[in-house]
Amino acid sequence: MTFAVVVFPGSNCDHEAQYMAETVLGQQVRMVWHKETSLSDVDVVILPGGFSHGDYLRTGAIARFSPIMGAVKAFAERGGPVIGICNGFQILQESGLLPGAMLRNRDLRFHCEYISIRVDQTDTPFTTLCTPGQVLRVPISHGEGNFFAETSVIDQLEKDRRVIFRYSNVHGEAIEAANPNGSVANIAGVCNERRNVVGLMPHPERASERRLGSDDGLILFRSAMDALATRGALQAV
Amino acid sequence: MIQEGELKARVFVTLKPSVFDPQGRAIMEALHSLGYDQAADVRQGKYFLLDLNVPSVADAEKMAAEIADRVLANPVIESFKIEVADATIEVADATIDVDGAAK
Numbered sequence: 001m002t003f004a005v006v007v008f009p010g011s012n013c014d015h016e017a018q019y020m021a022e023t024v025l026g027q028q029v030r031m032v033w034h035k036e037t038s039l040s041d042v043d044v045v046i047l048p049g050g051f052s053h054g055d056y057l058r059t060g061a062i063a064r065f066s067p068i069m070g071a072v073k074a075f076a077e078r079g080g081p082v083i084g085i086c087n088g089f090q091i092l093q094e095s096g097l098l099p100g101a102m103l104r105n106r107d108l109r110f111h112c113e114y115i116s117i118r119v120d121q122t123d124t125p126f127t128t129l130c131t132p133g134q135v136l137r138v139p140i141s142h143g144e145g146n147f148f149a150e151t152s153v154i155d156q157l158e159k160d161r162r163v164i165f166r167y168s169n170v171h172g173e174a175i176e177a178a179n180p181n182g183s184v185a186n187i188a189g190v191c192n193e194r195r196n197v198v199g200l201m202p203h204p205e206r207a208s209e210r211r212l213g214s215d216d217g218l219i220l221f222r223s224a225m226d227a228l229a230t231r232g233a234l235q236a237v
Numbered sequence: 001m002i003q004e005g006e007l008k009a010r011v012f013v014t015l016k017p018s019v020f021d022p023q024g025r026a027i028m029e030a031l032h033s034l035g036y037d038q039a040a041d042v043r044q045g046k047y048f049l050l051d052l053n054v055p056s057v058a059d060a061e062k063m064a065a066e067i068a069d070r071v072l073a074n075p076v077i078e079s080f081k082i083e084v085a086d087a088t089i090e091v092a093d094a095t096i097d098v099d100g101a102a103k
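Those protein sequence lines, which keep their order, are chains Z and W.
The working numbering numbers the first residue of the first sequence as 1 and each following residue consecutively.
The working numbering numbers the first residue of the second sequence as 1 and each following residue consecutively.
Simulated from the structure, these hints should not be mistaken for lab results.
To give an idea of the interface, some chain Z residues facing chain W are shown, with a C-beta separation under 8 Å as derived from the structure: (1) Arg-58; (2) Ala-61; (3) Gly-100; (4) Ala-101; (5) Arg-104; (6) Arg-106; (7) Leu-108; (8) Phe-148; (9) Ala-149.
Ideal Cβ placement from N, Cα and C applies to all residues, glycine included.
Based on the sequences and whatever the hints tell you, model everything.
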């Protein structure tokens, strides 16, 4: 199976994503420069974390216009699994592929720490191997991860079960004390209407080896491999 | 007659009133600690100055509004105001959907 890792100027978790998929999971990885325009030869697209274009203007605001984003949209429209991690999530929001926007963390601090998230929905390509309510220990590393959307949008997301991950304590309780950044309803990750595009602020790719703290993040990528093996690879267009 | 390239558009981007502004809050608290208790609220925003090579004020307004809506502001959380020459346009809630993407 081939993972694409899209590299923007300022991406800095691209190598972690590559290492996780290639070395830990033994899969093919294609590093895709943001000026490229085709994703026809890959099975899963990862938009990695970092500070694309220096986070100038807004996080993800300039990366959204990179040539590769047309291919990412087309790939998503064909039903291909796309995951945006941290800055990758912000880019997907700016592109309109995922709802909401990120505000500065409530306490104005950059948070770099292990936190817990609860998996609320398992019917996305990145959560099929999870059990509902499963708690994952994964790191966050962001200054702007305070998920915001108008109340009507949040209500619709809840109704459509599109909140996939919530910040929680180790027992899976999404309480205020477990909310690191002020996100509405403890939202850590969401999906699109079709459920094939997922974004989350935590870094599952940085939690891929137990000796480095946690391997809880691997289940997202194993799920994608499992989902594709079950359903068969996408037909390239 | 205004020469091409002489038109300057000023774009002010601010968080919508419904959106909490943690930076504005921090600044307000700093002002209070300096004794400016009358500072009831502070909202932080962004200011852009565009030099536009277009023939008329109307063209400058149109282009600045399009640039603000498409790039400079995120309509999910921000609104913007444009000033060209003496004209002022208030755009409370951006709705232009340039690339057809649902926000």
